[in-house]
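Spelled out, the chains give:
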Amino acid sequence: MKITVASGKGGTGKTTVAVNFFLSVPKTSLLDCDVEEPNSNLFLHNELEKVKEVMIPVPVIDEKKCEHCGKCADFCNYNALAALPQKIMVFSDLCHGCGGCSLVCPNDAISETGRNIGNIERSFSGQFHTGLLNIGEAMASPLIKELKTYAGENTVIMDAPPGTACPMITTVEDTDYCILVTEPTPFGLNDLKLAAEVVREMKIPAGVVINRAGVGDGGVEEYCHQTGLPIIMEIPYDRRIAEAYSEGIPFVETMPQWKEKFLQMFETIKEAVR
Amino acid sequence: MKQLTVISGKGGTGKTTLTSSFAALAENATIADCDVDAANMHLLLQPEIIKTYDFTALPTAIIHPEQCTECGICVEHCRFGAIKEGFEIDSYICEGCGVCEYVCPADAVTMEYNKCGEAYESKTRFGPLIHAKLGIGEEAGGKLVTLVREIAEEAAPRNNCDTIIIDGPPGTGCSVIAALTGVDIALVVTEPTVAGIHDLKRVIEVTEHFEIPSLVCINKSDINDSKRKEIEIFCTQKGIKIAGEIPYDTTPTKAMVEGKTIVEYTDNSFAKCVIELWEEVKEEMQS
Chain A
1 MKITVASGKG GTGKTTVAVN FFLSVPKTSL LDCDVEEPNS NLFLHNELEK
51 VKEVMIPVPV IDEKKCEHCG KCADFCNYNA LAALPQKIMV FSDLCHGCGG
101 CSLVCPNDAI SETGRNIGNI ERSFSGQFHT GLLNIGEAMA SPLIKELKTY
151 AGENTVIMDA PPGTACPMIT TVEDTDYCIL VTEPTPFGLN DLKLAAEVVR
201 EMKIPAGVVI NRAGVGDGGV EEYCHQTGLP IIMEIPYDRR IAEAYSEGIP
251 FVETMPQWKE KFLQMFETIK EAVR
Chain B
1 MKQLTVISGK GGTGKTTLTS SFAALAENAT IADCDVDAAN MHLLLQPEII
51 KTYDFTALPT AIIHPEQCTE CGICVEHCRF GAIKEGFEID SYICEGCGVC
101 EYVCPADAVT MEYNKCGEAY ESKTRFGPLI HAKLGIGEEA GGKLVTLVRE
151 IAEEAAPRNN CDTIIIDGPP GTGCSVIAAL TGVDIALVVT EPTVAGIHDL
201 KRVIEVTEHF EIPSLVCINK SDINDSKRKE IEIFCTQKGI KIAGEIPYDT
251 TPTKAMVEGK TIVEYTDNSF AKCVIELWEE VKEEMQS
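So the protein sequences, as listed, match chains A and B. When you line the first sequence up against full-length UniProt numbering, it's residues 1 to 274, in that order. When you line the second sequence up against full-length UniProt numbering, it's residues 1 to 287, in that order.
Hints may contain errors.
Stated by the list, open to error - List time: in silico DSS-like cross-link candidates among lysine-lysine, alpha-carbon distance up to 27 Å:
(1) A:Lys52 <-> B:Lys201
(2) B:Lys115 <-> A:Lys203
(3) B:Lys2 <-> B:Lys133
(4) A:Lys193 <-> B:Lys51
Unchecked claim - Over the 10 Å line for every Cβ pair with chain B, so calculated as not near, a few chain A residues:
(5) Phe43
(6) Met55
(7) Gln86
(8) Cys98
(9) Ala165
(10) Asp176
(11) Pro186
(12) His225
(13) Leu229
(14) Lys261
(15) Phe266
The set of hints was computed from the structure by calculation and includes no laboratory data. Every residue, glycine too, gets a C-beta built ideally from N, C-alpha and C.
Chain A on its own, in the form it takes in the complex (with noise of 0.2 Å):
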């Protein structure tokens, strides 16, 4: 089973969330695909190796082949080539990597070659496995659907990166159930609805998980009831439990009554995708 863990906006706790249920639920693994941000191993402490460097192709083009027709740059949907009378210009940071450009040339000028957009990491026990975008880099979805390949055979999390853009589409994508965390607050309920809107129209069973409950107003609960959308557990404001966070300590470390509420979340996730 592949269950994410998303929120529409940052800072709403999808790490904290997602690595405290990794702690407390046996027989499960970890992905962190908040590439461009990975934080999980930061409450981990896991050391980690290289398993991948995530290339995609550009194109290359043979000078003494292109005779300038300027075709690869009509085509080029992403602007990531420019004609020029006598020079094709690649902006390899825009291209995404499609191919189209060597299909079009008549003159077979355009060869491919892989550029390092980011790396794959895994702990040594293999359960967690994280992806680090390149600073400056655009591209995160190939780096994410590459990463998802690691996901194996046991129940895995994966925390999705933040926003309802296509970094999150493509980690909710083909996943069995999304938990979305918000806060009780009027800019939590904005993105949440966002959010809910994504997984709504993608068909993925959800629910939400409330944190920093009591903070706030009433209205996250409000849309949940009228839009049917269970709340699957509340995490309550805490001083301590910022305080662990800030630290880079999970919280059911520090409280570990929290394992069974984790638990039981569970539980009903399981329900819910059966």
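We have chain A already, so just place chain B on it with the hints.
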């Protein structure tokens, strides 16, 4: 004209809380909400929309079943795995490259441009706000950020504004890069937690890469003293000034529930910290 971008690496550090207060404090600024993926500024500034701009980015492939011979050549060439069983395009996965249209021997594929978001120019009680909404699951957030900034750059002089304050997206990816390029200064909001420091370091790499001068603000600064010191040491090493510190408190949440900025909410120690921070940022921006 001066441009300031507020970024954070990590989400939820208080970017919008600060930016909205800056909007209240600045006398003639245009505000640009570039967190297009999870825009929140409108919840505090209650904008009155005066102009809407359609946003179209990349097309999506459509396979017309009546022409499709199910030969599978498109599936073979699609590098994104966007063509599902039954020769249907998964529009979430399709990157709009057009390879399937090009290779289809039966001319069964067309590329269709759909509106995938909107940008707005609005009036607020603090001046112009440019904001946007990205369609669900759409990519090209970076392009929409660029559109918001273009509108802001055009609207600011028209409204006699000499400053643009940009609320940036979280992370270090394409939207962040689009929100940062060419601005005069970046204010990086961080918090004294292991994750906060990790993300601060990553985002400073981005500002350094694009040669944008940075300032740091430590939010929730009293939650962990040793982590706060770690941030101070990092900033000293990098030659980055800490422009302000804000305590851990529920005041911003209470203000948010009432739809107010911190500086409007009540006369509190919080507001004082934000005002001092703004004075520092303003001074750095002018120098």
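Exercise. Hint by hint, which ones does the structure fall short of?
Worked result: 5, 8, 9 and 11
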